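There are 4 protein chains.
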Amino acid sequence: MASATARAHAKLDGRVARAQRLREERRAQVLDAARRLFAEKGYHATSVHDIIAAADIARGTFYLYFESKRAIFGELLEGFFTTVSTTVRRIDTSAGASPPIVQMHEGVARIFEILEAERPMARILIREAVGLDEDFDKKLADFYGRVAGLIERALRTGIAMGLVRECDPHLVSWCVLGSIKEVCDRVFVIGHERVDLPRLGRELVDFNMRGIFR
Amino acid sequence: MASATARAHAKLDGRVARAQRLREERRAQVLDAARRLFAEKGYHATSVHDIIAAADIARGTFYLYFESKRAIFGELLEGFFTTVSTTVRRIDTSAGASPPIVQMHEGVARIFEILEAERPMARILIREAVGLDEDFDKKLADFYGRVAGLIERALRTGIAMGLVRECDPHLVSWCVLGSIKEVCDRVFVIGHERVDLPRLGRELVDFNMRGIFR
Amino acid sequence: MASATARAHAKLDGRVARAQRLREERRAQVLDAARRLFAEKGYHATSVHDIIAAADIARGTFYLYFESKRAIFGELLEGFFTTVSTTVRRIDTSAGASPPIVQMHEGVARIFEILEAERPMARILIREAVGLDEDFDKKLADFYGRVAGLIERALRTGIAMGLVRECDPHLVSWCVLGSIKEVCDRVFVIGHERVDLPRLGRELVDFNMRGIFR
Amino acid sequence: MASATARAHAKLDGRVARAQRLREERRAQVLDAARRLFAEKGYHATSVHDIIAAADIARGTFYLYFESKRAIFGELLEGFFTTVSTTVRRIDTSAGASPPIVQMHEGVARIFEILEAERPMARILIREAVGLDEDFDKKLADFYGRVAGLIERALRTGIAMGLVRECDPHLVSWCVLGSIKEVCDRVFVIGHERVDLPRLGRELVDFNMRGIFR
DNA sequence: CATGAATGAGTCTTCATTCAT
DNA sequence: TATGAATGAAGACTCATTCAT
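Residue numbers (my numbering), protein chains in the order written: chain H, 5 to 218; chain E, 5 to 218; chain R, 5 to 218; chain Y, 5 to 218.
Quick caveat, the hints were computed from the structure, so don't treat them as lab data. Note that the structure is predicted; figures quoted are calculated from it, not measured. The C-beta atom is built at its ideal place from N, Cα and C for all residues, glycine as well. Worth double-checking, as some hints may not be accurate.
To be verified - Covered stretches of chain Y, going by a simulated chain R footprint (3 or more residues, C-beta under 8 Å):
id: 1; region: 22-33
id: 2; region: 77-83
id: 3; region: 98-104
id: 4; region: 158-169
id: 5; region: 174-181
id: 6; region: 210-218
Could you put together the complete structure from these sequences and hints?
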């Protein structure tokens with residue numbers, strides 16, 4: 005049997021929950037506006053004024069949700085790092101796993117998918133976060149460092165397994181990463197040309213596997 | 005026999021020439037300071053104040069030589085584009101030319117050389133000019149577009165000559181370009197690790213030739 | 005015999021009384037927090053946020069009890085004026101009263117006691133309320149004016165009774181007041197040095213009585 | 005015989021000197037405006053906007069001459085400290101000096117003179133600088149500490165010479181200082197009443213010499 | 001009564017550019 | 001040509017107060 009107090013609590017909980025939800029929505033609304041603007045005009049050219057105008061909130065409200073302009077940018081960046089990081093998985097060499105080359109194709113497809121879905125963030129990641137600030141640069145470097153590390157490890161395994169030719173895995177990981185980055189930049193950031201993504205994926209993997217020689 | 009007027013002219017010419025020379029020197033002096041500062045602190049973090057302080061000129065003088073902060077940056081960029089462009093030559097397929105692969109090694113070596121010599125500009129090119137403003141982005145895109153075009157043309161020739169495997173030269177040119185850019189970024193911009201350049205060149209060319217497969 | 009209505013009224017009265025009591029407690033709780041904060045950090049450096057955080061109430065609640073930040077400060081000030089005013093009594097010259105000098109010593113002791121007990125308010129009175137705004141300045145001036153008035157009147161009486169030397173009671177009342185204020189400031193506001201209060205009281209009264217001359 | 009270079013130098017020097025003079029004038033103009041405003045409305049209620057409006061200069065110009073709002077206030081304060089400090093001299097007890105009581109009268113007269121001449125600064129010193137900021141408070145405390153120190157030393161000398169009665173010179177120096185401060189506050193800051201300054205000086209010194217007793 | 005999200009006027013400060021000398 | 005004082009638009013951020021729930 006629910007006491008009056010219990011009922012009151014339930015009601016309160018309901019309110020709190022709803023308030024929480026509204027809060028989340030507001031945050032999302034501001035984040036969306038900021039994401040779009042940063043992607044469009046860049047970090048420096050986007051003012052807090054622009055963001056609040058786009059999000060249709062008051063000046064003070066912005067600072068209710070985010071500590072600073074830098075902070076909201078950081079949050080966008082961090083969030084995207086996480087998204088992409090979960091996508092870029094280690095190559096699975098265990099018994100029942102698909103063959104490495106299949107995994108590569110899948111990985112590339114997944115990355116394309118994310119970037120396609122979040123073009124503004126892709127632009128921010130590739131164009132805006134670079135050279136903004138030591139801290140952002142470091143985060144970016146860390147991110148790409150982790151990715152390069154994954155590639156390097158895969159190369160070492162490949163060499164050990166006799167699949168990959170003898171080479172300096174450290175240096176070659178840069179080459180692999182570079183080819184992927186450039187392709188993504190062209191398609192998702194510059195985006196002038198309509199590209200057949202599956203085909204691009206095949207060409208990219210082929211290039212990395214076999215180079216250009218006949 | 006030189007008339008008085010002619011002598012006066014000559015004298016004037018001399019003066020003008022000297023003034024011109026001084027002017028050039030001044031410009032160079034300011035450009036140098038700006039290059040260093042932009043590379044060190046980035047475009048936005050570098051103020052006109054910083055530049056004139058480093059170049060040891062007055063505020064107004066700066067605007068006597070350059071239209072704006074943006075303009076001096078643009079000039080630096082443009083200059084470097086030219087330098088690099090002359091370096092990245094078309095592969096020579098004429099009769100007496102060295103074999104393409106040798107030319108590639110030479111090309112890579114030349115690029116490394118320039119970037120090594122002008123690290124600040126390399127940093128500006130890769131880190132600072134990106135995402136600054138539509139116009140710079142376009143210039144940058146043009147530059148890389150030209151380079152990618154050269155690569156693509158080489159690939160087509162290679163395919164026609166039976167040296168290069170069947171592939172989409174357009175897409176693959178991006179891959180090639182990307183691997184080069186990333187490697188340069190790592191070495192000349194990030195520059196944390198001491199790298200054996202000739203070796204890196206070999207790995208880079210090998211990667212592009214043969215990929216990672218055994 | 006109490007009717008149902010009467011009982012209902014009684015019950016209501018009880019509720020109202022309790023609510024009233026709660027309200028008073030809330031007010032006191034907020035006033036306490038504010039007093040502490042104003043004394044510690046000053047009027048301007050203390051934000052409404054600080055106060056509600058310290059009092060553990062919501063933003064809106066604050067404005068349920070006080071009209072504004074200025075108002076709560078005013079209330080604190082006013083309250084302290086009242087407290088101190090009741091302490092600073094007129095010298096009693098009636099037949100059975102203690103001799104004036106004894107009354108002075110007692111008066112000084114009482115003031116010291118209050119300020120010792122409410123150092124934060126002393127600080128506010130002396131440090132914070134000064135120069136905040138015309139209105140506060142006026143209140144402060146009024147307060148000190150009243151005190152100076154009391155002193156002046158005592159001096160006049162003293163002169164009439166032949167106890168006090170011929171002088172301008174108006175101007176001398178300032179001198180007396182000043183010596184007291186400064187001493188209080190040093191001890192209760194600055195408070196760096198541990199001071200023997202009874203001794204200080206004696207020195208203060210002696211100074212006012214006899215000056216510095218031998 | 006003046007060479008062309010020498011004449012050029014002279015001309016340059018003239019220009020530089022004039023520019024310097026203009027600069028000083030500008031500074032003074034801004035300082036004046038700020039002094040007036042700070043005295044009138046207080047530190048916090050005076051915005052940089054107010055100052056530049058009163059000084060009739062542009063926003064940026066203000067920051068050309070002063071680092072910040074705080075800095076210009078500090079400069080005003082510091083300047084006044086210096087002025088007053090030079091005025092408050094040590095009592096001269098050497099052979100040919102005027103008798104101490106004459107020196108006291110002179111000292112008081114000098115202080116009155118300065119404060120009369122710079123009422124706005126007096127107001128700032130007494131009303132505004134208090135409780136603004138730890139740093140200002142410290143400077144103010146230092147200033148009054150020095151003054152109290154001078155008084156204390158004079159008292160000790162006086163006692164040693166048999167001119168001053170036995171007392172605690174430390175505590176009594178506060179009393180003396182307090183009486184002077186209050187009198188100055190009343191006259192130069194509150195300033196409601198027209199006061200006969202010489203007479204006030206006499207009463208003040210008399211009070212400090214002999215107290216109120218007959 | 002209590003809450004706390006929302007508000008927006010107002011703050012200080014920076015900096016690219018101009019222009020009289 | 002060189003100077004550097006002057007400009008003012010624009011920036012990020014704060015905080016006392018209101019009001020719908």
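Each hint tested on the structure:
Coverage of a stretch by a chain is defined here by at least three residues with a beta carbon nearer than 8 Å to that chain's beta carbons; for the region 22-33 of chain Y and chain R the count is 0, and the condition is violated. Counting residues of the region 77-83 of chain Y whose C-beta lies closer than 8 Å to any C-beta of chain R gives 0; at least three are required, and the coverage claim is violated. Residues of the region 98-104 of chain Y lying with their CB closer than 8 Å to a CB of chain R number 0, which falls below the three-residue condition for coverage. Only residues whose beta carbon comes within less than 8 Å of a beta carbon in chain R count, and the region 158-169 of chain Y has 6; three or more means the coverage holds.
With a threshold of 8 Å between beta carbons, the proposed coverage of the region 174-181 of chain Y by chain R holds, since 6 of its residues qualify and at least three are required. Coverage of the region 210-218 of chain Y by chain R holds. Counting CB-CB distances below 8 Å, 9 residues qualify, and the rule asks for three or more.
Hints 1, 2, 3, counting from the list given before, are not met by this structure.
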